[in-house]
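**Q** Residue numbers for the sequence shown follow UniProt numbering, beginning at 1 and rising by one.
Please keep in mind that the hints were generated in silico from the structure rather than gathered at the bench. These numbers come from a predicted model, not from an experiment. Be aware that one or more of the hints could be misleading.
Said to hold, decoys possible - Simulated pairs of lysine to any residue, SDA-like, Cα-Cα distance not exceeding 20 Å: (1) 470 with 402; (2) 408 with 389; (3) 408 with 226; (4) 431 with 412; (5) 404 with 435; (6) 470 with 425; (7) 173 with 134; (8) 431 with 413; (9) 190 with 407; (10) 408 with 273; (11) 470 with 486; (12) 431 with 226; (13) 173 with 218; (14) 190 with 140; (15) 437 with 631; (16) 471 with 191; (17) 173 with 230.
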Amino acid sequence: MVHLNSCADEVLFGQQVRAASAHVTLLARRFFFNPIATPPTVPPRVPLPLKAEPEEGTTETGNSNRLCVVTCSPLGEHSASNQITRQFLEAYYERYPEAEADTMDLALEPCAPWSLEHSQARFAVWSEGPESVPAEARASWQCTMDLIARLQSAQTWVLACPMWNFHAPSALKSLFDHLVQPFVTFDPVKGCGLLTGTTAYVLCSAGGLLGTEHDHLRHYIRDILAFIGITDVRMVEANGTANPSSREIVLEEAGGRSLQWLKSPPPAVLYQFPQLFSDNWQNLPRLPLPDLQRTMELYLESVRPLCLERDFREAQLAEHEELVAAFVEGPGAQLQARLLEQERVATEAGTYPHSYVEGVWDEMYHRLRCPAPVHVSPFFGIHGGATVEGQLPRAAAFIHSFVKWTRKVLSGRLEPDLSGGQQLCMSSFSKLFGSAKVPRPEMDCLVCEPEALHVVVLRQGRIYALEVVKKCRRVDQVLTPAAIEEHLARIVDAADKTAAIEAAAMAKVEEDYRLMMYYKAEARAAEEAALEQERAAEAAANESAEGADQEAEATPAEDSATEPKGSEGGGSGEGGGSSDGGSSGEGEASGEGADASEEVERLPLPLPLETPPPEPRLHRQARIGVLTSADRDTWAAARSALEAVEGNAEALRTVDRALLVVCLDHHDPPSSSTDKAAALLSGPAENR
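Model the full assembly from the supplied sequences, consistent with the hints where possible.
**A** In structure tokens, the structure reads:
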């Protein structure tokens, strides 16, 4: 999700840390509302001197009518690669008679061997600039610069490349040693080549090993040319020249294939990207405005099945027809006239909206408050038929292909789709990438940045920005699938490690919360039991007192006769003992109640193993699918809260303007109904 530097910056919401990749930027942590306010100090990187870029409006170095022809075989006219090259040049001069050729025969005029002086000059330029080249190395370095200038003067290269010992000849490899120089033919800071806009015809020949496991020639030529910015490489192969009986046939077929490159013109520029949305560059007919009377007739036909009561159907329809007629003669005619005037003005302008429904539809679309998934944007899954297995390789291949498609749209060379020979409208392509529907109260807004250079990757609740396009002069270079996969692997590794740390911390919090909730529940239960015991004792005492009063009212003389006896007995008689005992019993009961209250306050109790603690009610980070199923007002409120935190606004803009958003979460198969519903929104786990 191309090269990696160990000193790149990783940006969080409100925080900066160090990361492993120069092209990967962490935008958001799992907990959005708790940013670290004070970022650590990041040492500034000293910029290295760069080769001057052409000013705006100037042309790049290079002549489109000038060829640079490089041969390297000492066999001369008997060389198979030279014979193919000669045949190709004859056809090239016939098509472009004004072309001029500069021929470099490395077999006769080889490049100077790479020496110590060349290495000293190269490292001096790399670290401090061309002015720092040592005096003893300046002559050697100047020869290298002259050689590069000679190649740069041509916009088209023709390379004759025979295979020697599974690889390129040493003379050709020596040429590339001189050609690949920092800040001259490639930029080590931006990580891109500088010789963009050059076309290379590579004419290869071999005894019979091209395309086998021993073939190290073709990949080497393509890789070294791409490294210095030459991605338009047109390769022709003559394989099997070692067999005398088939040599002539092989060379003739290879020569014919080389001529095919000259017969196929480069794709033409069909449109300028800014015109794609605003102008009707395809000259497509406008959607006709329907007739009002015909529209109302169709409307009446559509409501007929809704009149369910047969006895009253005709009466209902007649009443409805009267309402329709009143509408057609009154406000309907006025509205139709207004639509006709708007259509006339829009037709004369020839700009957006291109039909009478587009403007109205846009407003309706952005004012909808219902959740976007299912209601507005259904999902689709990628099932089967994949040539690449595994989540990361498939994601890398998808990102690479998608980004290449965006470059084709931006270049103006995407051919329109056809239906029955008629072109289909392409205006919507301008908003299919680098765009986002930003939630706002009452009405959302659409932001577009089609020339963005990055995609956004989601993993474990964290959000990363990955730069997949490099701007080199006026040519965009897209990262290879292998490079993208390497970045995605680093993102997954970093996100999973952080998620593991957060999960361990959350597990400790949950366990503490679980115990706390259990102890509180036990304490509440014991307290309620004690209160119930006190209420029962008080009720029993009240009943006993009421019984004694009733008995005293029934036998007053007996009570008065026994009262002095009890008094005389004091604490020694049975009555007194009983009375004392009763009093003592009441005191003990009160004492037990007090002890119980104190014991409740001395909780927590030990946690019994057989009783599971209650589930804690903690706020958890919702899944992406759950978040996207929220209504637009909920999204708008959440967006405002996020933007209020320092650093979030810029990070959110980075997400909004991404070419593509890729979710790399890989959950287990859904089991609950909630998980199944979420899977409907985000697709099967293996395709996320």
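**Q** Give a verdict on every hint.
**A** Okay, the hints, checked on the actual structure:
| no. | hint | result |
| --- | --- | --- |
| 1 | 470 with 402 | holds, 15 Å |
| 2 | 408 with 389 | violated, 26 Å |
| 3 | 408 with 226 | holds, 19 Å |
| 4 | 431 with 412 | holds, 15 Å |
| 5 | 404 with 435 | holds, 17 Å |
| 6 | 470 with 425 | violated, 30 Å |
| 7 | 173 with 134 | violated, 25 Å |
| 8 | 431 with 413 | holds, 17 Å |
| 9 | 190 with 407 | holds, 19 Å |
| 10 | 408 with 273 | holds, 10 Å |
| 11 | 470 with 486 | holds, 17 Å |
| 12 | 431 with 226 | violated, 30 Å |
| 13 | 173 with 218 | holds, 13 Å |
| 14 | 190 with 140 | violated, 27 Å |
| 15 | 437 with 631 | holds, 13 Å |
| 16 | 471 with 191 | holds, 10 Å |
| 17 | 173 with 230 | holds, 17 Å |
Hints 2, 6, 7, 12 and 14, counting from the list given before, are not met by this structure.
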